[in-house]
Amino acid sequence: MSPSPPLMIVGASVRSAALSALRAGVRPLARDLFGDRDLHGTDTPLEAIGPALYPLGFEAEVANSPPGCPWIYTGALENHPELIDRMARLRPLWGVSGDALRACRDPLAVARAMASRGLPAPGVRLSAEGVPRDGSWLGKPLASAGGRQVRPWVEGSVASARPLYFQERIDGTSLAALFVADRREVALMGVTRQRLSRGDHPFAYEGSLGPWPISGRAREGIVAMGQGLAGEFGVLGLFGVDLILTPEDDPYLVEVNPRYTASVEVLELATGRSLLRDHARAFGANLGAFGRPRAHPPAFVGKAILFAESRGTLPAIDSWRARFSSAGSFAVPDVADIPAVGQTFDAGDPVLTVLCRGSSLERCDTRLERHLERWKSRLVQER
Numbered sequence: 024m025s026p027s028p029p030l031m032i033v034g035a036s037v038r039s040a041a042l043s044a045l046r047a048g049v050r051p052l053a054r055d056l057f058g059d060r061d062l063h064g065t066d067t068p069l070e071a072i073g074p075a076l077y078p079l080g081f082e083a084e085v086a087n088s089p090p091g092c093p094w095i096y097t098g099a100l101e102n103h104p105e106l107i108d109r110m111a112r113l114r115p116l117w118g119v120s121g122d123a124l125r126a127c128r129d130p131l132a133v134a135r136a137m138a139s140r141g142l143p144a145p146g147v148r149l150s151a152e153g154v155p156r157d158g159s160w161l162g163k164p165l166a167s168a169g170g171r172q173v174r175p176w177v178e179g180s181v182a183s184a185r186p187l188y189f190q191e192r193i194d195g196t197s198l199a200a201l202f203v204a205d206r207r208e209v210a211l212m213g214v215t216r217q218r219l220s221r222g223d224h225p226f227a228y229e230g231s232l233g234p235w236p237i238s239g240r241a242r243e244g245i246v247a248m249g250q251g252l253a254g255e256f257g258v259l260g261l262f263g264v265d266l267i268l269t270p271e272d273d274p275y276l277v278e279v280n281p282r283y284t285a286s287v288e289v290l291e292l293a294t295g296r297s298l299l300r301d302h303a304r305a306f307g308a309n310l311g312a313f314g315r316p317r318a319h320p321p322a323f324v325g326k327a328i329l330f331a332e333s334r335g336t337l338p339a340i341d342s343w344r345a346r347f348s349s350a351g352s353f354a355v356p357d358v359a360d361i362p363a364v365g366q367t368f369d370a371g372d373p374v375l376t377v378l379c380r381g382s383s384l385e386r387c388d389t390r391l392e393r394h395l396e397r398w399k400s401r402l403v404q405e406r
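Residues in the sequence shown are numbered from 24 upward in steps of one, following the numbering used here.
Hints are computed from structural coordinates only; laboratory data are not their basis.
One or more hints might be untrue.
Claimed, not checked - Derived CB-CB ranges, DEER-like: (1) N102 x A71: 13 to 21 Å; (2) G153 x G254: 43 to 51 Å; (3) R185 x D357: 35 to 43 Å.
Glycine residues also receive a C-beta, built at the ideal position from the N, C-alpha and C atoms.
Kindly generate the complete structure, drawing on both the sequences and the hints.
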């Protein structure tokens, strides 16, 4: 029996997806902006293409991959549907194609799809004319990722260089739902709570905690949400949605993430299930039997991104090597997305990701906060 071809993974950061591939028994070929250290030594061919070549440089990487080699993308390549289409003509795409991307990233089309199914959704407008400037609406870029450019629309707000749309602000808990869709059905794989920034970017994604428990009423609405997106736009494979769950347990869809998302890692490590194998099956790939999930997975897993608060440098700490996740395992590493030793960061730059597990949501969240503060203290701040 001949070995299965490798899987090319491209995006701004691909470390978590590459480790997902290893857990699925697939050899990843990783290309991203960072070339994080924790993929070195895992037999993963990894290259950083650099900001000057991002994202157009991925086209040559896919073209030079082995014949028949499938590929997937991570954030924020959903903002480049034309590039996705060109690369899909070169090698098999395990992901949402350009036409479906354009449709499901259209905020008006998504709002109409929810309304046609009787599902709640925030109000959406493409023009600032008539939008209240009291903070009850948000200004959001049409092409973005991570939420760092989302702002309340208030007196004095001005349109940015990027085209904006405007979305009604919904009060509640910020969650993310992960689905996998094939041509027959859509399955909800889990829900996570999103960690959002407490600083100058109040809607920026900074991590996840899960699996997050939801009521039967909320689950019913979230499942209907995923089914509506797949049915309306033809989304296939793993995809996520950001949503607000109101105190009345009504889920409001606020954004579609039609790709491998940051919460996949949390749910994989928490459940011991390879979700990338489910993704592959949606595209007709049967990866066969491979390995065994952990016998007793941790109940809950959290991850948090450490951002630099000022210009500084990451010191050389050799003990980190012992903390890296074992390739292909479901063990929860202490740290991930490890940059080069001595790399300098400016204020607001992502430095690394910390992870932890716990027997309860509260314990996991508390441990994650302590863990984040410990690593923050190790950054050497420039004076």
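Range hint 35 to 43 Å: satisfied by the CB atoms of R185 and D357? At 36 Å between Cβs, range holds.
Outcome for the supplied range 13 to 21 Å, where the beta carbon pair is N102 and A71: 20 Å Cβ-Cβ, so the 13 to 21 Å window holds.
Does the beta carbon distance between G153 and G254 stay inside 43 to 51 Å, or does it fall outside? Taking Cβ atoms as reference, G153 and G254 lie about 32 Å apart, which means the hint is violated.
Of the numbered hints given earlier, the model fails hint 2 alone.
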